[in-house]
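Peer 1: Could you slot chains B and C with the ligands onto chain A? The hints should help.
Protein sequence lines, in the order shown, are assigned to chains A, B and C. Note that the first sequence covers residues 1 to 360 in our numbering. Note that the second sequence covers residues 1 to 261 in our numbering. Note that the third sequence covers residues 1 to 181 in our numbering.
Incorrect hints may appear among the rest.
[What the hints assert, rightly or not] When the alpha-carbon atoms are kept at most 25 Å apart in a straight line, the in silico DMTMM-like pairs for lysine to aspartate or glutamate are as follows:
{"#": "1", "chain 1": "C", "residue 1": "K80", "chain 2": "A", "residue 2": "E347"}
{"#": "2", "chain 1": "A", "residue 1": "K5", "chain 2": "C", "residue 2": "E3"}
{"#": "3", "chain 1": "A", "residue 1": "K5", "chain 2": "C", "residue 2": "E167"}
{"#": "4", "chain 1": "A", "residue 1": "K207", "chain 2": "B", "residue 2": "E45"}
{"#": "5", "chain 1": "C", "residue 1": "K153", "chain 2": "A", "residue 2": "E3"}
{"#": "6", "chain 1": "B", "residue 1": "K260", "chain 2": "B", "residue 2": "E208"}
{"#": "7", "chain 1": "B", "residue 1": "K213", "chain 2": "A", "residue 2": "E193"}
{"#": "8", "chain 1": "A", "residue 1": "K355", "chain 2": "A", "residue 2": "D253"}
{"#": "9", "chain 1": "A", "residue 1": "K279", "chain 2": "C", "residue 2": "D56"}
[Said to hold, decoys possible] Just a sample of chain B residues kept apart from chain A, beta carbon distances all over 12 Å, derived:
{"#": "10", "residue": "L52"}
{"#": "11", "residue": "L67"}
{"#": "12", "residue": "A194"}
{"#": "13", "residue": "K214"}
{"#": "14", "residue": "V242"}
In short, the hints are calculated from the structure, not lab data. Note that beta-carbon positions come from the ideal geometry of N, C-alpha and C, so glycine has one too.
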Amino acid sequence: MGELKLMKGNEAIAEAAIRAGVDAYFGYPITPQSEVIEYFMAEKPHERTGMVVLQAESEVAAINMVYGAAASGKKAMTSSSSPGISLKMEGISYMAGAELPGVILNVVRGGPGLGTIQPSQADYFQATKGGGHGDYRLIVLAPSSVQEMADFVKLAFDLSFKYRNPVMILSDGVIGQMMEKVELSAPVPRRTEEELIRECPWATTGKPAGRERNIITSLNLDPAKQEQHNIHLQEKYRQIEASEVRFEKFHCDDAEYLIMAYGSSARISQKSVQIARAKGIKAGLLRPITLFPFPKDEVNKLAGQVKGILNVEMNAGQMVEDIRLAVAGKIPVEHHGRMGGMIPSPEEIVTALEKKLIGG
Amino acid sequence: MDEKLYKEIVSEENLVYTKTSLLTDKVLSYCPGCGHGTAHRILMEVIDEMGLQKDTIGIAPVGCSVLAYEFMNVDMQQAAHGRAPALATGIKRTWPNKFVFTYQGDGDLAAIGTAETIHACNRGENFLIVFINNGIYGMTGGQMAPTTLPGMKTSTSPYGRDTLLMGFPLKMTELVAELPGTYFVTRQAVHTPANVRKTKKAIRMAVENQVSKKPGLSFIEIVSNCNSGWKMTPTQANQWMVDNMFPYYPLGDIKVDGNKL
Amino acid sequence: MTEEIIIAGFGGQGVLSMGKILAYSGIMQDQEVSWMPSYGPEMRGGTANVTVILSDERISSPILTRYDTAIILNQQSMDKFEPMVKPGGTLIYDGNGITRHPERKDIKIYRIDAADEAARMGLAKIFNMIVLGGYLKVKPLVSLENVIQGLKKSLPARYHHLIPDNEKALHRGMEIIAEAN
Ligand SMILES: Cc1ncc(C[n+]2csc(CCOP(=O)(O)OP(=O)(O)O)c2C)c(N)n1
Ligand code: SF4
Numbered sequence: 001m002g003e004l005k006l007m008k009g010n011e012a013i014a015e016a017a018i019r020a021g022v023d024a025y026f027g028y029p030i031t032p033q034s035e036v037i038e039y040f041m042a043e044k045p046h047e048r049t050g051m052v053v054l055q056a057e058s059e060v061a062a063i064n065m066v067y068g069a070a071a072s073g074k075k076a077m078t079s080s081s082s083p084g085i086s087l088k089m090e091g092i093s094y095m096a097g098a099e100l101p102g103v104i105l106n107v108v109r110g111g112p113g114l115g116t117i118q119p120s121q122a123d124y125f126q127a128t129k130g131g132g133h134g135d136y137r138l139i140v141l142a143p144s145s146v147q148e149m150a151d152f153v154k155l156a157f158d159l160s161f162k163y164r165n166p167v168m169i170l171s172d173g174v175i176g177q178m179m180e181k182v183e184l185s186a187p188v189p190r191r192t193e194e195e196l197i198r199e200c201p202w203a204t205t206g207k208p209a210g211r212e213r214n215i216i217t218s219l220n221l222d223p224a225k226q227e228q229h230n231i232h233l234q235e236k237y238r239q240i241e242a243s244e245v246r247f248e249k250f251h252c253d254d255a256e257y258l259i260m261a262y263g264s265s266a267r268i269s270q271k272s273v274q275i276a277r278a279k280g281i282k283a284g285l286l287r288p289i290t291l292f293p294f295p296k297d298e299v300n301k302l303a304g305q306v307k308g309i310l311n312v313e314m315n316a317g318q319m320v321e322d323i324r325l326a327v328a329g330k331i332p333v334e335h336h337g338r339m340g341g342m343i344p345s346p347e348e349i350v351t352a353l354e355k356k357l358i359g360g
Numbered sequence: 001m002d003e004k005l006y007k008e009i010v011s012e013e014n015l016v017y018t019k020t021s022l023l024t025d026k027v028l029s030y031c032p033g034c035g036h037g038t039a040h041r042i043l044m045e046v047i048d049e050m051g052l053q054k055d056t057i058g059i060a061p062v063g064c065s066v067l068a069y070e071f072m073n074v075d076m077q078q079a080a081h082g083r084a085p086a087l088a089t090g091i092k093r094t095w096p097n098k099f100v101f102t103y104q105g106d107g108d109l110a111a112i113g114t115a116e117t118i119h120a121c122n123r124g125e126n127f128l129i130v131f132i133n134n135g136i137y138g139m140t141g142g143q144m145a146p147t148t149l150p151g152m153k154t155s156t157s158p159y160g161r162d163t164l165l166m167g168f169p170l171k172m173t174e175l176v177a178e179l180p181g182t183y184f185v186t187r188q189a190v191h192t193p194a195n196v197r198k199t200k201k202a203i204r205m206a207v208e209n210q211v212s213k214k215p216g217l218s219f220i221e222i223v224s225n226c227n228s229g230w231k232m233t234p235t236q237a238n239q240w241m242v243d244n245m246f247p248y249y250p251l252g253d254i255k256v257d258g259n260k261l
Numbered sequence: 001m002t003e004e005i006i007i008a009g010f011g012g013q014g015v016l017s018m019g020k021i022l023a024y025s026g027i028m029q030d031q032e033v034s035w036m037p038s039y040g041p042e043m044r045g046g047t048a049n050v051t052v053i054l055s056d057e058r059i060s061s062p063i064l065t066r067y068d069t070a071i072i073l074n075q076q077s078m079d080k081f082e083p084m085v086k087p088g089g090t091l092i093y094d095g096n097g098i099t100r101h102p103e104r105k106d107i108k109i110y111r112i113d114a115a116d117e118a119a120r121m122g123l124a125k126i127f128n129m130i131v132l133g134g135y136l137k138v139k140p141l142v143s144l145e146n147v148i149q150g151l152k153k154s155l156p157a158r159y160h161h162l163i164p165d166n167e168k169a170l171h172r173g174m175e176i177i178a179e180a181n
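The following block holds chain A by itself, in its conformation from the complex:
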């Protein structure tokens, strides 16, 4: 068993990054995720593993530092919260276009605009539908515990290098600020330069005599070529959809009503399922772990079993659109959400389930 610690989600992700052999973190402070960079700075990762940590002058600069390091094959990451993630969208689109690996953590807060510093899930569309300009997708992971904040660092880097695609960890103020028991895996060393060059033959690491020069770019002035590039990207996204769907089910086997929720909403909804079952309502919970790729087949399958689905999100109803697409009209799909930094209680979710789906 690994080392047990009591940590905030924001701290756990930083510690896990050091232990996972991540090469660099570039960030800029914003609530509720400043503990990420604060933890890094306090830990002196440079002394522990040689990992680089730098406070950039802006989120724009930070994501572009990630771009630079990633284009040279390094495992680089950044983190921010909603307003800062909007600023990073430029760089994220460029990374997607140039097919660069890299991990972006969004500890979502309520918006729009400066909004509030309290937890929210209002950035679902931005994360899963592209967010920046151009036709691209991020792989989006939604941790619902401090343990998953830690575990998803390695998973995110593995996926992002496997597909050469940026990965977003879509968290929120609850998961970032909450402390839980977390089991940390044993540290692995960062890759050596030789290992990196072997694993990333595409990276700009300096052109030796024997190979063509490596160019990292998202530019293609010839639209025919750019279309080919887009077709290639879309094929990659379809492949990701075919192989990387992850979800978790809770009391679904005999469920007559399904709650769908991710991240902290899924934690709250888990309690709602318990409360509902105590009242004799056969409720279950489907928690997507990957938001892109979305578990549409599983949703469609469950739509053949349950009488209705309640989507629970801390927003006006975003994932509910993906659920409705997957259900294709088979059964009613309703949404219960809170906005602007408000958090639904387990009890109000049960009430919504009764009112909107069961009828009463």
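Peer 2: Below, chains B and C with the ligands without anything else, positioned relative to chain A:
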């Protein structure tokens, strides 16, 4: 030309100059007479002469030199508009033994990328910035740049730059020389063979600084023409540059070995 | 066993660290734990609260509206959280600054005048440990030994010389807590 005469001139023994293999065979996309081509060449020559191809990572900006990676035969990254110093920071911090440079225009470096430029300089990042100042946005068709001279006409200052309304030309190079993070700051030009030699010397100095890990950033401004944007012939443009740009942007070293001159 | 606790008071009273020590003690005895603070500008001088959950099972919602135990250290928190204690639950409060004492009949109410006691002991900083001691007396869900271990884990090494004072405070809290209904 008479074929015999041609053969006589273009022969092995008359060879005095060859193109460095660090420039590809791709035909340059720059307007004839533009300074970008010469700047590319001497930068690549220095890297070649110092045997640094295998250790070089360059960054192309957004601007006319957006396609610099088509011409420079080294590993290159293409940056979003203005962000090249941030990319370079990411590279150099994680690959401290590589030679890293950015190549940026004035719109890229002194407008949209001002923050990235100043902060990379101020942190004393150990890379080279080559800054092509042609006083205009070349790529997008000749709009006003932060470096456009007072009274100078561009498509977005059609009556001439009115400093009351549009502010003053930004002397980025003097500005970054004030920052303790810069180690070598100079302003050069490439319009005459003598100036080309001087600029090449400056590039060599900057590369040596970086290779020997001298503390701080090297910043080389090259005052250049944009004959298309300025709507002049190449020779007119060079003369206009000497008469108008140089008085405002005087050539010469500003900071050497970390000391302001 | 699942114990869902809210600790609420002013910022600076050590509310968050009390919760953290409790959570650490839970880890020491192999429990699942969660610690969810109110965060943001609220914390600066205003009210601060933290939800701590100790459980033998995987913890579902870290955010609650009904609690087994409420530990209340100012009037605002009394007004907000007294109604949220589950019937049969426990409310522990410090009488200092309380103008409206708890009124519910369906819960167990304990009073602990920890602020006064800390002042008497000349150890204002360990106020929160007196309160924690009181809690441990009425809800002995974690052992004192594990609380000391938790304290060691959550305090940076440079404060470890303060552990004896903290221990004293825990014992004192156990002594002075009294039933109030
Ligand atoms: C975010 C963004 N805004 C605007 C542009 C359009 N754009 C492309 S190049 C350029 C100006 C480049 O001027 P400069 O840096 O001076 O380089 P030059 O073309 O003169 O060499 C602009 C505004 C862009 N590509 N991206
Ligand atoms: S537009 Fe100006 S800067 Fe661009 S290539 Fe032509 S002359 Fe050079």
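Peer 1: Does each hint hold? Answer for all of them.
Peer 2: Hint by hint, here is what the structure shows:
1. For a cut-off of 25 Å, the pair hint linking C/K80 to A/E347 stands: about 18 Å separates their Cα positions.
2. Distance check on the hinted pair: A/K5 and C/E3 sit about 20 Å apart at the alpha-carbon level, within 25 Å; holds.
3. Restraint check: the Cα-Cα separation between A/K5 and C/E167 comes to about 22 Å, which is no more than 25 Å; the hinted pair holds.
4. Taking the CA atoms of A/K207 and B/E45, the gap is near 16 Å; set against the 25 Å cutoff, the hint holds.
5. About 13 Å separates the Cα atoms of C/K153 and A/E3, which keeps this hinted pair within 25 Å; it holds.
6. For the hint linking B/K260 to B/E208, the alpha-carbon distance of about 19 Å falls within 25 Å, and the restraint holds.
7. Distance hint between B/K213 and A/E193 is fulfilled; the C-alpha atoms sit about 20 Å from each other, no more than 25 Å.
8. Proximity of A/K355 to A/D253 is assessed by CA-CA distance (about 23 Å); at most 25 Å being required, the pair is judged to hold.
9. For the hint pairing A/K279 with C/D56, the CA-to-CA distance comes to about 23 Å; that is within 25 Å, so the pair holds.
10. Look at B/L52: its CB is around 8 Å from the nearest CB on chain A, not clear of 12 Å, so calling it non-interface is violated.
11. Taking the minimum C-beta to C-beta distance to chain A, about 8 Å, the non-interface status of B/L67 is violated against the 12 Å cut.
12. With a minimum CB-CB distance of about 32 Å to chain A, B/A194 clears the 12 Å threshold, and the non-interface call stands.
13. For B/K214, the non-interface assignment is confirmed: its Cβ lies about 20 Å from the closest Cβ of chain A, beyond the 12 Å cut-off.
14. Listed as outside the interface, B/V242 is consistent with that label: its C-beta sits roughly 34 Å from the nearest C-beta of chain A, beyond the 12 Å cut-off.
Hint violations for this structure: numbers 10, 11, all remaining hints satisfied.
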